[in-house]
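Q: With chain S fixed as given, assemble chain Y onto it according to the hints.
Residue numbers (the working numbering), protein chains in the order written: chain S, 669 to 1542; chain Y, 669 to 1542.
Rather than coming from a laboratory, the hints here were simulated on the basis of the structure. Careful: at least some of the hints might be erroneous.
In silico DSS-like cross-links for lysine-lysine, where the CA-CA straight-line distance does not exceed 30 Å [as the list claims (entries may be wrong)]:
#1 S:1421 / Y:1450
#2 S:1494 / Y:1477
#3 Y:1450 / S:1254
#4 Y:752 / Y:999
#5 Y:1403 / Y:1488
#6 S:1477 / Y:1488
#7 Y:1494 / S:1477
#8 S:1450 / Y:1254
#9 S:1477 / Y:1421
#10 S:1421 / Y:1477
#11 S:1491 / Y:1477
Protein chains: 2
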Amino acid sequence: MTDKRIYAFGAGKADGNTGMKQLLGGKGANLAEMAGLGLPVPPGFTITTETCRAYHDAGKEMPAGLMSEIRKAVAVVEKHLKRKFGQGLLFSVRSGAAASMPGMMDTVLNLGLNDATVETLATETGSARFAYDSYRRFITMFGDVVAGVSRKFFDAELDAAKKRTRAKLDSDVSAEELKKVVGLLKEVYRRETGEEFPQDPWLQLERSILAVFESWNNDRAIEYRRIHRIRGLLGTAVNVQAMVFGNLNDNSATGVAFTRDPATGANEFFCDVLFNAQGEDVVAGLRTPDDFEAFHERMPKLADELLEIRSSLERHYRDMQDMEFTIEDGKLYILQTRNGKRSARAALRIAISMVEEELLTREEAIVKIDAGSLNQLLHPTFDPKANVQVIATGIPASPGAAKGKVVFTPEAAELMAHKGETVILVREETSPEDIKGMAASQGILTARGGRTSHAAVVARQMGKTCVAGCGELAIDEHERVFRAGNIVVREGQYISLNGSTGEVMLGDVPTVPPELSGDFETIMAWSDEFRRLGVRANADTPVDANKAREFGAEGIGLCRTEHMFFDATRINRMREMILARSLEQKQAALAKLLPMQREDFVGLFRAMDGMPVTIRLLDPPLHEFLPQDSAIQQVIADELEVPVRVVQESVEALHEVNPMLGLRGCRLGLTQPLIYDMQVQAIIEAVRDAERGGAKVEAEIMIPLVGTVDELRPLRRRIEAQVERFNLEKQAKVKVKIGTMIEVPRAALTADKVAEEADFFSFGTNDLTQMTLGVSRDDAEKGFLIEYVIRGIFPTDPFATIDAEGVGKLVEMGIQLGRKTRKDLKVGICGEHGGDPESIEFCHNAGLDYVSCSPYRVPIARLAAAQAAIKAAR
Amino acid sequence: MTDKRIYAFGAGKADGNTGMKQLLGGKGANLAEMAGLGLPVPPGFTITTETCRAYHDAGKEMPAGLMSEIRKAVAVVEKHLKRKFGQGLLFSVRSGAAASMPGMMDTVLNLGLNDATVETLATETGSARFAYDSYRRFITMFGDVVAGVSRKFFDAELDAAKKRTRAKLDSDVSAEELKKVVGLLKEVYRRETGEEFPQDPWLQLERSILAVFESWNNDRAIEYRRIHRIRGLLGTAVNVQAMVFGNLNDNSATGVAFTRDPATGANEFFCDVLFNAQGEDVVAGLRTPDDFEAFHERMPKLADELLEIRSSLERHYRDMQDMEFTIEDGKLYILQTRNGKRSARAALRIAISMVEEELLTREEAIVKIDAGSLNQLLHPTFDPKANVQVIATGIPASPGAAKGKVVFTPEAAELMAHKGETVILVREETSPEDIKGMAASQGILTARGGRTSHAAVVARQMGKTCVAGCGELAIDEHERVFRAGNIVVREGQYISLNGSTGEVMLGDVPTVPPELSGDFETIMAWSDEFRRLGVRANADTPVDANKAREFGAEGIGLCRTEHMFFDATRINRMREMILARSLEQKQAALAKLLPMQREDFVGLFRAMDGMPVTIRLLDPPLHEFLPQDSAIQQVIADELEVPVRVVQESVEALHEVNPMLGLRGCRLGLTQPLIYDMQVQAIIEAVRDAERGGAKVEAEIMIPLVGTVDELRPLRRRIEAQVERFNLEKQAKVKVKIGTMIEVPRAALTADKVAEEADFFSFGTNDLTQMTLGVSRDDAEKGFLIEYVIRGIFPTDPFATIDAEGVGKLVEMGIQLGRKTRKDLKVGICGEHGGDPESIEFCHNAGLDYVSCSPYRVPIARLAAAQAAIKAAR
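So here's chain S without its partners, still in its complex pose:
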């Protein structure tokens, strides 16, 4: 605990800096940093987070002496600006903790206005309309966030005034009318709070500061911290800063700027300016902003000053910046700077050019790229040259470029999808009943809900594009139509959704296939230098394997052999085997599958020449090969020339209450050894054939669902004997490694024993998550999981990002125990987590040797693996 409770900033100096986020909050520390850099930040001061803690510790008492310290700090600001608080000097008051926390009180602007000072402002600015509009906003904000009066009461008065005067926009309301509105708002305030609206600026300030302190512990903030696992913070800081006005006169302006092009990453200043306007006007989009050229023409000195600030900020923060600035009567102020959002393409370009400019080391550049955003580059995207009409923008909730005909009900989605149409499901919001309709759609567009809404969570889980919370939409499900502004879209019309930007576009916007730039190759090459983790792909066919190699995979980490059985030409052989009553019949059916499997493997080995290929023996339960539907059962019975009763009895016999915990994986291998025998034989023969053809083969046989070494041992012995027999009979030299999935919790818990018989481990974190959490993935989409994620009971979808605390602990135990027995044990992961950047960082830190993911995620994994290595080395 330091004694200093107030940190001033402004006029080229500051008590704090960007390293003091714990004490000053993120906002306060950044304002201090900029002021310290000599940037023109409107002066002000930050009350520390410790002061907030002291307030709460003291049972919500204003700390003794604080107000007099505040008066002194205000006096410093007055001295800088040569204006008196409440007489030309107004303040903004903002909360700001070390972590961003939307649950708290946000902002009170124009503090210091009262019935008298509003007139001063009108006189000084020459605009009564401006002064009274500012006063109106202040009363509303103060009433809402400080006094707890519902905003709707205030808004109702303004709406009534607009109606009365037939004004369309807020700005159409006259000064005269606004003055009346102010009177009515004060009336509302009195009615709702039982007291007059405070006229004393000092009282306004004190109450606003206390309200910020209070908001630290309101229910929403507590809940937010709980959900986001924000712990160990002292409280919120309070930022009190002088107001500046870009709408004061024609010598004023407001603007936003990106230090580089956020779309391409080109090192070009990107700036939008509105003269004689304020921030809100930019956001409202009512006027078309001018560009930097126009700005420079009109205010050359200020524009040059901004250019200099641009470079000094980039040099200082070593990243592309997104700045807000205001010019008040010929003087430039910087109100905010932060790292700017950018497209994936821009991210790569900026990273590389900042290295070239020696602004960043390669390590630093790598870490700054959002690995997940590479997805944009690897999948088809909307043609940037297309002439698009954006009709609304929502929250980019699940990435992708989706287009299709609009439908308004899940039933319609299913029906049209069934007819071969591609559809976009448009809903107010989605619920578990909509699951099937969502699955039938290309994309989902909702009017309500954020990134953790049902629609968003389910869409990400399904890999569907989703734009959520698009408030501009007015949906009429009954009439089968939605409106976005003046645009009306009816069921059956085409729209396109950009899940990465949240844009909703009219019509069937053309897409372009991904084109990988030189920048992409450069970043991949750098990543490969820094990463320790190997990256393999999950691939079942030569086509997938080639795609994976193209993207830089160093082997196949998971080939799911069952996928080879589901092929239309093969599934009946599999069914024959299942329905066979005698050993001979079973063997005959398997003998037909053997050459097919062998050719599959030969193809894979050739494609992956010189790289390891991990082949998992049959994993799913046999009932997945038989239909539940009685009509289809009849068809199959006819095809296979068996009585339908045989099919029915098999379905009945194979039925399980909990198939997830049932007869599959190595349990099948142990109780029905013929299937694995056939698969192993196919692998052995394929190794020999591919090697004869000149390929270098590293075959790894992986046994799924092992829970105890006593399952693995006999299976391993049997495979070894089979290989030995083959080599003896055929005078061959086939070699295979034999390893196991670690996906049953018990296998991780007893990994020291399991490692006695395993050449390698591969963590199957999909199933491991199901069993460790006791959550069925098959039921997840309509079940409680969605609600758990929305409510923050699970911090993220545990099937998307590994649950490091629970499942991760088992993974760590498994690695540690396994390597205790076998020092050189090779350990990988082949669950879907292998392609998720956050999970990859976990994998690096846990000491895995490689991750394996779908071919399209290989580049993401390479980058994420490099980032993890760089971060860990720090």
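A: Below, chain Y without anything else, positioned relative to chain S:
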């Protein structure tokens, strides 16, 4: 490694003793011990296990110099007995490792006989028949176990001879005929091995010893050690011992004795003697043995000598002994002694009286009792006074006293059970298709298979009586009849099965209710002194609770509230709640259930006055309350006056692919809070009501299926608020503890976090086992689990005895992490493992505070807990 390879015993001294089992094997060490005690053991010697190891290490070479050492050892025996090997002195050769191992070669008797010595034996004994019968047996045994000739070839010759001479029994075959048979057997030997039957006694001996060494590493022995996890043994020892013959003349005899009555435990000598007979004759049961009185009358000196041996053995081994002895021409030999098997009643009596006799301390006496056997005393048993006709005896595979009509097919079992008949299913052996029939039966009787056969494992899992492997049975399923000796039993006839003894009895044998003796109370009182673990019961009703108290339970560890909903009068209220479309309807249905639940709890609290009662909130998924059958759905729809469509939709909506991992437990509590609200309200009101009635209440609310503290926290807060509100409104002082089940692996892995919000933990090891092993218990009986247990992949049924290595590791982690956060955390177990002695020992060692089990297992748990504490203290 010691240099000494041969340990002699006999004539009152021995090189070894009972502590040398690792080196001499169990058999050798015990023979040495008895010889060392001065007991009349036929002299011989033991070749060490280290010698066996040396044999294998040397690539199966007879260790250099061993045969000459053996010759010296034989010379010592010859000197004692004043007979020459091969001339009056014959040997038995037996294997014997430190652990009992049926997979190895067992015994060769009469070694030393050849065409010459058989005549000597005939002359010396005066019985050519005896001599040639001995020779016949020797050739068969040697041929079978040493030379690997199938026994059936030898047996066929004897059978042919019997047919030829119309002999019924082996003993009806004349000396002359046996001499011919011997010739034929030697012919068989030559035919099958290509060499003559060895005539040199030394060669016979050497080859037999090598065969024992070999048998250590045959497939069966390796498999046996693997299954029984026998590790770290050096090899097998070889015991070479002089033969003695109880059938030499009328001054000879053979017998078995128990030092105390194995049925009652009374301190009375229990002895069966056959004069002029040998061991095999006793086993064959062809002659009725004489008792000790008759023995004493005929051979008073030898009988007195035996009595003295009885006391010295009991004093020495400090346990009731089961002895085998032989008298050869007036000289008594002890061939074996071991701790005798006994009934539960006898076990208690013997334990107590040995303490009174100061043979044992109370701790030692407690540990010697088989805790599981108490089951016999707590359930109805066959009336010991009943006149029973035992028609066969099999392996006692699953305890109990079952009786019913014989059926031969599972279909018949189901059919007759449906008609209200009690049935016993009699099968050659059972298979997964028989499951339903087994479930419909009172008991199961099989002709084949042992304690790990399908029938045995499933029966124990179902809690059914089972007698397995009853080889005397000849079953004709087609004729629906079985034969046991001369007895013929047809379908529909009554039989009775004693699952504790393996006896099969004709007719409907009457049973008697259990009567707890003073001995029982004494042992329980001693147990309570020694045990540290608390013992609670799982009970849902006041009747169960009272039974539990009677048996000594110290509280209720698990009250399953859902059992209260399945009651016929209540289930429709539950269904009403599930089918309700509006909040009001739901609340209305729950309001009807509230007073019922409250009265349930009041009853429990009163019954357990002064003791803790742990109440688990609703656990099963809601679909369990709705029928799958469409006809019953219609009935319910009519009763509840809703369209049947509503019921169908609910069933459809609640359907889950994997209900085990589904929407139940706290997941229900979080997503449908009204149910828990009602239950908590009922508990709160019941505490108040019961306390007003004078009861002292310790209510513990337990939340099931918690996987993360973020589930437990909001539920705990909600309950706390509800209690606080009630106390405020009703001016009450209700207090409850709030804890959680630990049954999801993740909860154990993150128990430090979970403990932040839990007053207590209770390990639900049923579900924890399902998830940790990935095995569905609902599918276990017809699934792979049975096969896994039979094949030894799982050492025992993990749902019967806790999997200490896997699930146990999670339990230990859970306790350790939980107590790290909350030092005084109370930790129990409420899965079915809580009543299993082996699991209870695990619980003690893991540091649990209490176990909770079904009321009938409470005494077992008390004893097992004491045993665990005593063993741990050693």
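Q: Hint by hint, note whether the structure agrees.
A: Structure-based check of each hint:
Straight-line distance between C-alpha atoms of residue 1421 (chain S) and residue 1450 (chain Y) comes to about 28 Å, which keeps the hinted pair within the 30 Å bound. Among the hinted pairs, residue 1494 (chain S) with residue 1477 (chain Y) is consistent with the structure: their alpha-carbon atoms are about 24 Å apart, no more than 30 Å. Between residue 1450 (chain Y) and residue 1254 (chain S) the alpha-carbon distance is near 21 Å, which keeps this suggested pair within the 30 Å criterion. For the hint pairing residue 752 (chain Y) with residue 999 (chain Y), the CA-to-CA distance comes to about 19 Å; that is within 30 Å, so the pair holds.
This hinted pair checks out: residue 1403 (chain Y) and residue 1488 (chain Y) have alpha carbons roughly 25 Å apart, not beyond 30 Å. With a CA separation close to 17 Å, the supplied pair residue 1477 (chain S) and residue 1488 (chain Y) stays within the 30 Å bound. With a C-alpha separation of about 24 Å, the suggested pairing of residue 1494 (chain Y) with residue 1477 (chain S) holds against the 30 Å cut-off. Restraint check: the Cα-Cα separation between residue 1450 (chain S) and residue 1254 (chain Y) comes to about 21 Å, which is no more than 30 Å; the hinted pair holds.
Restraint check: the Cα-Cα separation between residue 1477 (chain S) and residue 1421 (chain Y) comes to about 14 Å, which is no more than 30 Å; the hinted pair holds. For the given pair, residue 1421 (chain S) sits about 13 Å from residue 1477 (chain Y) by alpha-carbon distance, which is consistent with the 30 Å threshold. Between residue 1491 (chain S) and residue 1477 (chain Y) the CA atoms are separated by roughly 23 Å; this keeps the pair inside 30 Å, and the hint holds.
The earlier numbered hints are all upheld by this structure, with none contradicted.
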